[in-house]
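*Asks:* Here is how the chains run, residue by residue.
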Amino acid sequence: MITEVDAGPITLVAPLDGGRKATSEALKAAIGIGFPNPNRTQGTGPRAIWCGMEQALIVGAACPDLPQAVCVDHTDAWAIVRIEGDQVEDVLARLVPIDLRSAVFKRGHTARTFIGHMNGGVTRVGANAFEVMVMRSMAGTLVHDLESAANGVAARSV
Amino acid sequence: MRVSGKGQNQNAAPVSFTFDGQSYVGRQGDTLAAALLANDVRLVGRSFKYHRPRGILTAGSEEPNALVTMGDGASQDPNIRATTLELYDGLAARSQNAWPSLKFDVMAINDMMSPFLSAGFYYKTFMWPKSFWEAVYEPIIRRAAGLGALSGKANEDIYEKAFAHCDVLVIGAGPAGIMAALTAAKAGADVILADEDSVMGGRLNAETYNVGGHVGADWAAAQIEQLKALKNVRLMPRTTVTGAYDDGTFGALERVAGSGDAPLECFWRIVAKRSILCAGALERPIAFPNNDRPGIMMASAVRAYLNRWGVAPGATVTVFANNDDAHQTAVDLIDAGVNVAAVVDSREAAKPRGEYRLINGGLVTGTKGRHGLNQITVTHAGGIEEIETDCLAMSGGWNPTVHLTCHMNGRPTWNDDLQSFVPTDGTIPGMSVAGAAAGHMSNAACLKSGAQTACVVATDLGFSPNADVPSAEDTPYQIEPLWQVDGKGRKWLDFQNDVHVKDIKLAAQENFRSVEHMKRYTTQGMATDQGKSSNVSALAVLADATGRGIPETGTTTFRPPYVPVSIGAMGAGSQGNGFAPQRLTTSHHASVDRGAPMIEAGLWYRPSYFPKQGETTWLQSCNREVDYVRNTVGICDVSTLGKIDIQGPDAAAFLDFVYCNTFSSLKENRVRYGLMLREDGHVMDDGTTARLGPNHFVMTTTTAAAGQVMTHLEWVSQALRPDLNVRFASVTEQWAQFAVAGPKSRELLNSMLDDPIDEESWPFMACGEISISGVSGRLFRISFSGEHAYEVALPARFGASLFRQLVAQAEALGGGAYGMEALNVLRIEKGFITHAEIHGRVTAFDIGFDRMVSQKKDCIGNAASRRPGLLDIQREQMIGLKPVDPNESLTAGAHLFVEGADAVAANDQGYVTSVCHSPTLGHALGLGFLKDGPNRMGEHVMLVDHVRDVRTLCEVCHPVFFDPDGGRARG
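The listed protein sequences correspond, in order, to chains A and B.
If you use this note's numbering, the first sequence corresponds to residues 1 to 158, in order.
If you use this note's numbering, the second sequence corresponds to residues 1001 to 1971, in order.
Read the hints as simulated data drawn from the structure, not as lab findings.
Don't be surprised by glycine CBs; every beta carbon is placed ideally from N, CA and C.
Hints should not be assumed to be uniformly reliable.
Only some residues are given here: those of chain B computed to face chain A with a beta carbon under 10 Å [stated by the list, open to error]:
id	residue
1	Val-1256
2	Ala-1590
3	Gln-1718
4	Ser-1801
Start from the sequences and build out the full structure, keeping to the hints where you can.
*Replies:* Right under this line is the structure:
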């Protein structure tokens, strides 16, 4: 099942030189989650998703004032869908080149990678659930690609 | 014919199919080849060059002869191997390369002409006149030669691509592969077991072997069931691993062959920590005279058809071999009640393994039967003898399937005992080889080697494996070399490409002695089977002809893919709109609603123009839209331009380093045009950058170079200037941004802004925060049209409504939306550049911007841009062009010549990059580059477009045609 995720506010946070610890602490104090390590997320409601070298997206909560970091509003920059089901790994394996096996890519793990021809992010949010995000302008292509992949998987199980 | 009581699918349901329109009945589980043989159809195709009748040679993917075409129209699929094609109800296959029919093929005349069509014939004969090759000879030759044909139509079948990851990839599910997979899986490794066949088991399904006291095929089926039950095992039947690549990555082609939404094929990329190649071995033919008649088959294939599908390929079978293994064919046939005429063994010391006539030291020296074998000639110590037989099972020994081990430039090693090449250790990182592929030729040795290899691999990966190897036959493999048999008639080596022994000798004689040269000279080893059956035999013949040994002669290069992969599978998902992602702006639907044709700009779709009722050409719409901007107000979505948020204490210093001009001096709430150079001193991109705060800038890039510039900034920051404390974020998608351009632009904006602006608060090149209906956004007073203009930006979720409202307000003022065509005209009239001009080979000097390259600071590309050659006055530099006769037109891509000079490359003076019809000035305009252009204003040059056959006399002008002092933009 593919559903759109209304993530609420999204802020890209990039700590300045030497500002990572202070930024993480300020985030923790304000919204209860710290700055995530590479390829990891923090939190499940309001959450921080690593999205590049020294960069994370603060999703689902207003970003507090972070003097040690650069903060950029990204609320309108992303299209996010949740994809869920028993064969979700098989569906994503049609589009995503990285290893998403549950023993390797666990709940809370995230990666910047390809989704088909698109550059985006993949996060495991449950045993059989992922969030996939791409640039807003490619939302239509994302849904098209996920549907084709899911159709291919479904047609094999008939 | 079927043999009662034989075959694993003996009780399977009947299946109807057609071949060349004739109806037949086969059984579920048959391949097309098995079903054809069961129906006594032996002639299945015509050969590539001589159109000789050919039959089924093998029972696997190495098949050179039995190729058929499936499907009609757009889904016509040629060169399908009948030996791997699973039979289904209603299957309709056609033979190839024969006209009017398979039995009466007109082009068989080529066979009569064969003395003239030897290897190299074309190269030597069709040389003169030179122009005849492409125009005359090649089309005729191509029509006569060849295999199946594509339909020429766009294929609409569904294909798929997918990725898989595992600890251990086991390639091939014969005895070695099954043991390897079981051992690794039981130890706890994530295992993928891939096999070409629909039923796993490899030779165990084709032989009468026993394993651990069970029938081999039953044992295999039981192990596969056991593997299926393990959660850490993925079985991939019908999947051929086609290539070995870097970092443990493998390509694999899966035949899904489903119906409905299921794809035909899936192309896998499998990434494995370790791999175990258990691909088995391929039996090779013997080159004896006329060894290509239908009915002459590989001995192993005869056993496969008999034991797996209960089919005897002939009523009276003869075996011809140089090894013990082939004798099993006679044993199996006799057990099944099939008549065996004789076993002809080239070895004097061969011993019979059953109740059959053995001819020691015998050679098959001739065959008869135009459309199917009916007699062979055997020469032995006792003389020459004719034997009536309709099937000859031949075996020249086995070649381990070393292909994948050679995909990364490895070469196999010659093994004298086996008379074949075996894999060389370590040619593919992480790959081990087991079973027959490694040269273990008995069933017991294969089982053991699979288990032992997996133990080593699993231990390396940190598991604790243990192997329990069942008992099995361990008959030694005895072979003596036999590559060719002398006698009258052609001794075929490569059945698919019609290459015979004499062709190889001719290649050697003409000094194509290297095996790679021999291959190109004769075409041996090319096309769909890639010489799987013929390569080793051909190089053995070449070795003999050149007086070298086989190891010195060596093999040709093994390249992926191991079996043909359809382009459809490799390009899966890329048909139609799947070719590239579609990036849609927030105004997309509104533009489409207004009838705007959308054109691609990179991945983006942008409106070309907005047609109005009564307009019949795009030019009418374009002229009207230009008029909006010049006289009232126009609206254009410019969200596709790259927008990069740059912040940090060193942001200004960073910009000074990446732009050739200075940004640290830019005041807050002001915008400046910037030019960016590559390290080689040529122009990379241009755009404006706004300073929103002391340490906060927003850079815009061109649509085309947005990604390139972002990558460049990251590179400069990480690799060249890590000392600068600065961060970037793409905000292209965050903001919907629209140009509001024209004399009435401010009036329009003031009808929408919460706080109105005026000349004093918002002069030319000002920027800042604004709000519209309480939504805060940004406003930039910049102009790409030369008019009093702004760009207004709101968060993307408001883009669609902002666009509709802006256009509605513009229309109320007598203006409206404008598209890319008008945008282009407006900027050409002003001499503003795009990537048509800054195409990668021009410098700031060439576009007249050299003074922007500040010499008061360093920047990327500064030093390189000072090279004398890049500042030479004779360089082609940017100019404007207009036709001397205002009714004439200009074309982009045309070249410029001195009036009267020959329009040849040596006289080339420059070229045209952009053209338009200017409704403002009433004639065509162009931008281009001309040698010493700035000093040739007013000169006449001849524009010559060889492609579109246009010649227009032009006047060289300043590139800024309209409002040269820029007063309109400043307001």
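*Asks:* Does each hint hold? Answer for all of them.
*Replies:* Evaluated hints:
Because the smallest distance between the Cβ of Val-1256 (chain B) and any Cβ of chain A comes to about 7 Å, under 10 Å, the interface hint for this residue holds. Below 10 Å, beta-carbon pairs count as interface contacts, and Ala-1590 (chain B) has none with chain A, the closest being about 15 Å; its hint is therefore violated. The restraint placing Gln-1718 (chain B) at the interface with chain A holds, with a minimum CB-CB distance near 8 Å, inside the 10 Å limit. The interface hint given for Ser-1801 (chain B) is broken, as the beta carbon of that residue sits about 13 Å from the closest beta carbon of chain A, more than 10 Å.
Of the numbered hints stated above, those contradicted by the structure are hints 2 and 4, listed in ascending order.
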